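Trainee: Line by line, the protein sequences give chains A and B. Residue numbers for the first sequence follow this note's numbering, beginning at 1 and rising by one. Residue numbers for the second sequence follow this note's numbering, beginning at 1001 and rising by one.
No lab work stands behind these hints, which were simulated from the structure alone. Quick caveat: nothing in here was measured; it's all calculated off a predicted structure. Even glycine gets a Cβ: it sits at the ideal position worked out from N, Cα and C. Heads up, some of the hints might be wrong.
What follows is a set of in silico ranges between Cβ atoms, one per label pair, in the way DEER data are often shown [said to hold, decoys possible]:
(1) B:Val1246 x A:Val129: 56 to 64 Å
(2) A:Glu45 x B:Gln1086: 58 to 66 Å
(3) B:Leu1147 x A:Leu126: 51 to 59 Å
(4) B:Ala1268 x A:Asp120: 37 to 45 Å
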Amino acid sequence: MAEPPAFVINPGSPEPIYRQLMEQLRRRVASGALAAGDEIPSVRELALSLAVNPMTVSKAFSLLEAEGLLERRRGLAMVVAAKHRRARSQAERTALLRPALTQAAEAARQLEVDADEAVDLFKTILQEVSR
Amino acid sequence: MNALPLQTGNGLALHAVTPQPATSVAVRGLTLSYAGKPVLDQLDWQLLPGQVVGLLGRNGVGKTTLLESLLGLRDVDGGEVQLFGQQLSALDDATRARVGFVPQQSQLFDWLTPRQLLSYFKSFYPKWNETKAEGLMSRWEIPQDQLISRLSGGQQQRLSIVRALAPEPDLLVLDEPVSSLDPVGRRDFLRELVEQVLDRGTTVVFSTHILSDLERVAFNVGFMARGKITLQAPLSDLMDGCRRIVGSTSRIDAYVRAHGLKVLSRRALDGGQIAVLATGEHGVLPEGLTGDRLGLEDLFAELTQ
């Protein structure tokens, strides 16, 4: 089985770590990388591999459970909830990108970077991260 | 299954669940002056079991003094410290053995080897996790049989950490524990800390100027300024609830009142405007005000003035 891409956290961002984790799990489910019934890493595994406080991981998982993305099973690893059977449509996935891009657009405007240059930069970054 | 202490660690928001959880550390009215200058000023502070608290403050604000006072290493002018419900002045040996300390400057015995040092300390503790000590010594490549005075700063610091972790403490006090470690060494140490918290529910308080480490491992942060702990809360709550609002005094005051926000800091900017750090349920910012969410570094700057 191919190793799924590791979770990445960026300390120093205004986004608290628990939200960064939530967002990454949501995106994986949206893209179909994680589907209904798939196990996610335990609090212990994730806390140790990321060197992050276990309560932070546990907070992210609990909120995703409340959101209906994850399901808890007694004594077993949490799984992606049954309703997430298929990847979401291209349009729905693109819509999920909007908040991050809105933030970037706002920053570009404040820095007075013109639109073409900003779009070029985005394309470059897309290539960098898919390498 | 992990044994996460989910009921603890709420810091500010802890509403008394009965029975009141015992504190790992309780400080009341701690006061200490140094050369006529107050360093600790009627300082009150509590750490609950299983909490991992990052202690933040500007250089020279007294973090080391505070941490050393918790361990009875400073003569204070007034106030009291309790560890696990016992007065510091009357601590019994069993309780003393539950506390581990990694000082800023390692205070090891230079004339011993690491092997001799650890076997010396082992004799003082009822519990001593030999497997853990041996494992860390080899993983962290600390030469066992070389004089401590010949070890590098990083090796001495790692040895000091091994010495503190081996007795399986219930309270760990860490004063800049990673200042001499490289990024890989720091990450490995943070994992070790996370494992302690997972396996033993250890209460941890640590100071560091490396904010990215602190953000990873501390669920709660305490800010120290003017001789007091001015604010302690879960870091995620602070990051979620705080905005830095910039604009004219009158507009900001009206906005803060309208949304019932709590102002945590306020400072004047050039040109008659002010910057306010406010927490609560923010609304849409009115014309003339700008607002930012802040990362830990900016929160630190605003809250430790």
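Trainee: Decide, hint by hint, whether the structure agrees.
Mentor: Hints and how they fare:
At roughly 33 Å, the beta-carbon separation of Val1246 of chain B and Val129 of chain A lies outside the given 56 to 64 Å, and the hint is violated. In this structure the hint that Glu45 of chain A and Gln1086 of chain B lie 58 to 66 Å apart at CB is violated, the actual value being about 37 Å. Checked against the hint of 51 to 59 Å, the pair Leu1147 of chain B and Leu126 of chain A passes, with Cβ atoms roughly 55 Å apart. Taken as a hint, the range 37 to 45 Å holds for the pair Ala1268 of chain B and Asp120 of chain A, whose Cβ atoms sit roughly 40 Å apart.
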